[in-house]
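Chains as they are written, first to last, in this note's numbering: chain A, 1 to 310; chain B, 1 to 320.
One or more hints might be untrue.
Partial list, derived from the structure: chain A residues whose beta carbon lies under 7 Å from chain B [as the list claims (entries may be wrong)]:
#1 R38
#2 L100
#3 G108
#4 F111
#5 S112
#6 K118
#7 P244
#8 G247
#9 F266
Hints were generated in silico from the structure; no laboratory data involved. Backbone N, C-alpha and C define an ideal beta-carbon position, used for all residues, glycine too.
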Amino acid sequence: MADSGAPPVAIVLNSGEGTVSVIDTVTRQVIRTEPAYREPSHWALTPDRQRLLVADASGNALFIYDPSTGAPMGHKRIADPYQIGYTPNNRYFVVNALRLDFVDVYDGADFSLVKRFKPGRWPSHLDFSPDSRWSFNSMQNSDTLCSFDLVNMTQRWSVKVGTTPAGVLWLNGRVIVCLMGEGGIVEVDPIRGGITHFQKTGDGAHNIFLDERRHILYVSNRGPGQTSLTALDPVTLQPVRTYPIPGGPDDIAIDPEGNIWIAQRFAESVAVLDPQTGEYSTIPVGRSPHGIFLSSMLRQQGQVTAERLL
Amino acid sequence: MSLDRLFSIIAGYMEQWVVVPVLFRFHWMAWDDLAFDWCLICVYGLFAVFVTYAVCLPLEYWRPVERWPNKKAVAVDVFYTLLNRVGVVPIVTFVLFYQAQTWTTGFLVERGYIPPTLESLVPFLLDRPLLTFLIYALILDCADYWRHRLSHSFRWWYALHALHHAQRQMSFWSDDRNHLLDDTISFLWFFVIGLIIGIPPLQFPLLVLGLKFVESLSHANIRLSFGPLEWLFVSPRFHRFHHGLRAAGRHSCNYASVFPVWDILFRTADFRDEYLPTGDAKAPEALATGGYMAQQATGLKLFWQALGKSWASLGIGRAA
Ligand SMILES: [Zn+2]
Ligand SMILES: [Zn+2]
Chain A
1 MADSGAPPVA
11 IVLNSGEGTV
21 SVIDTVTRQV
31 IRTEPAYREP
41 SHWALTPDRQ
51 RLLVADASGN
61 ALFIYDPSTG
71 APMGHKRIAD
81 PYQIGYTPNN
91 RYFVVNALRL
101 DFVDVYDGAD
111 FSLVKRFKPG
121 RWPSHLDFSP
131 DSRWSFNSMQ
141 NSDTLCSFDL
151 VNMTQRWSVK
161 VGTTPAGVLW
171 LNGRVIVCLM
181 GEGGIVEVDP
191 IRGGITHFQK
201 TGDGAHNIFL
211 DERRHILYVS
221 NRGPGQTSLT
231 ALDPVTLQPV
241 RTYPIPGGPD
251 DIAIDPEGNI
261 WIAQRFAESV
271 AVLDPQTGEY
281 STIPVGRSPH
291 GIFLSSMLRQ
301 QGQVTAERLL
Chain B
1 MSLDRLFSII
11 AGYMEQWVVV
21 PVLFRFHWMA
31 WDDLAFDWCL
41 ICVYGLFAVF
51 VTYAVCLPLE
61 YWRPVERWPN
71 KKAVAVDVFY
81 TLLNRVGVVP
91 IVTFVLFYQA
101 QTWTTGFLVE
111 RGYIPPTLES
121 LVPFLLDRPL
131 LTFLIYALIL
141 DCADYWRHRL
151 SHSFRWWYAL
161 HALHHAQRQM
171 SFWSDDRNHL
181 LDDTISFLWF
191 FVIGLIIGIP
201 PLQFPLLVLG
211 LKFVESLSHA
221 NIRLSFGPLE
231 WLFVSPRFHR
241 FHHGLRAAGR
251 HSCNYASVFP
261 VWDILFRTAD
271 FRDEYLPTGD
281 AKAPEALATG
291 GYMAQQATGL
301 KLFWQALGKS
311 WASLGIGRAA
């Protein structure tokens with residue numbers, strides 16, 4: 001991290017209005033609003049940690065920001081990037097093009113298209129096996145989870161996992177998938193794709209995150225009525241605590257003090273939750289905040305991704 | 001709290017407590033994200049109808065062009081407005097547009113072409129959202145000018161558009177009275193434009209409403225011109241001239257919806273300070289005073305007949 005004078009920031013992607021809000025995490029005020037084209041949704045950090053790539057789906061572009069300040073650094077035209085991620089070995093950059101039904105595998109170094117899969121309707125979220133061999137992609141409108149072999153560039157399997165699968169996370173040799181249509185998560189065997197466990201979390205289970213010390217698994221529930229964030233034991237998958245968070249919580253990020261920053265999609269705000277007390281304050285941002293990145297995450301060891309905060 | 005933020009938050013509640021329960025119940029949660037956009041469209045649409053009503057109604061009382069013994073013919077226009085602004089039409093249009101847009105984008109992307117946005121074509125616009133909005137508005141309004149002008153030029157097209165012109169009790173409710181097929185053609189027209197320059201960002205929904213307001217106001221039964229600014233925005237006087245009995249049919253003037261500049265530029269503007277009776281003398285009575293279904297059916301019949309005539313005149317149909 002170069003800039004020691006700059007305040008630590010939160011970079012919030014306002015998917016409903018084509019802007020990015022930069023929040024000073026000390027004063028908890030929006031200090032700048034930076035432009036994107038149409039629909040910034042999710043982010044990925046480049047392997048050298050110098051650039052934060054923001055996927056602008058209907059704008060057909062990757063917007064680039066300085067991850068430590070949120071300053072804009074240009075953009076790159078690619079087709080419909082919704083959820084994005086580097087394989088753990090940084091060889092490939094995988095894009096779920098939700099509207100176009102593509103899973104596009106780009107070369108991680110030069111962004112040339114290596115392979116295009118068309119595995120189902122509305123590819124939503126993704127994660128990888130730690131050896132970078134397999135990717136796991138949820139098909140939101142086909143009710144399936146698909147796995148690809150990134151060595152042979154072939155599809156390994158596609159299985160029905162339940163209604164409207166969204167968030168995907170590799171965890172302890174298993175793949176966890178959130179089911180928005182069913183109110184819980186399923187554990188999937190990464191070898192054959194069979195479902196080994198279902199765990200209720202809350203209606204509209206949408207996205208899943210593992211905290212830095214691997215102590216707690218968080219699931220955001222965006223179902224009807226009161227929405228919430230559920231904390232689970234990452235080993236047993238048993239719920240430990242549920243935090244009522246209004247406004248449709250989506251992505252989260254955890255700051256060095258342990259506060260959880262939560263994008264509230266339908267409340268135009270970011271909630272900052274103290275998981276000890278369960279109390280939270282909110283910061284107004286732009287319309288439909290989706291992904292959220294904290295510059296403090298640059299200090300973490302290993303690969304920094306939106307889901308595995310380690 | 002800004003009005004935009006207030007509306008988003010109302011739409012958020014609507015999403016969470018009204019729409020998502022339905023989506024969840026019927027296993028349609030995949031549409032959760034897009035449903036929020038529908039909620040926004042509904043909330044803004046309702047607000048627009050309310051503001052138009054609140055502004056135009058007193059004005060129509062204060063200085064009407066015409067006084068009507070009864071307002072029976074206005075009722076159907078109210079129905080058109082609610083259907084088009086808050087009802088089913090925006091949602092159906094939204095879904096159709098979304099599907100058509102993703103299908104064509106996918107088709108183009110597979111052939112190595114990524115459809116642009118205005119800002120990707122003109123990078124200067126990227127951090128100038130207001131200017132971007134204005135240019136989008138001008139381009140779309142210009143496209144609408146030509147759509148409207150062409151709809152007066154072709155026999156078959158005017159057969160559909162005659163429904164809009166048949167109203168003799170023209171009021172601020174009349175903006176949305178159009179034949180469904182005519183609306184479909186507009187939809188396709190703007191769909192193609194959207195592919196060429198992209199879809200404008202959702203950043204200024206209130207300005208979008210402002211432009212729609214100008215359109216509604218321009219139909220109002222008000223003796224009102226914008227004086228020295230008459231060239232800047234379409235006034236009730238300007239558009240009434242287009243709806244005047246004399247201007248009905250295939251040779252008309254004042255086609256612009258929001259910015260008269262297109263009429264000035266393409267030499268179809270008429271700034272005479274006259275307030276003429278409206279309507280289309282040649283249109284069947286059902287188009288003027290019939291109910292919604294009667295108007296749609298009559299429009300379709302006229303369209304079919306006109307299509308026959310157009311073909312015959314081209315020598316395509318049966319020999320005349
Ligand atoms: Zn006309
Ligand atoms: Zn008109």
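A quick look at each hint next to the structure:
| no. | hint | in the structure |
| --- | --- | --- |
| 1 | R38 | holds (6 Å) |
| 2 | L100 | holds (4 Å) |
| 3 | G108 | violated (20 Å) |
| 4 | F111 | violated (13 Å) |
| 5 | S112 | violated (12 Å) |
| 6 | K118 | violated (9 Å) |
| 7 | P244 | violated (12 Å) |
| 8 | G247 | holds (6 Å) |
| 9 | F266 | holds (3 Å) |
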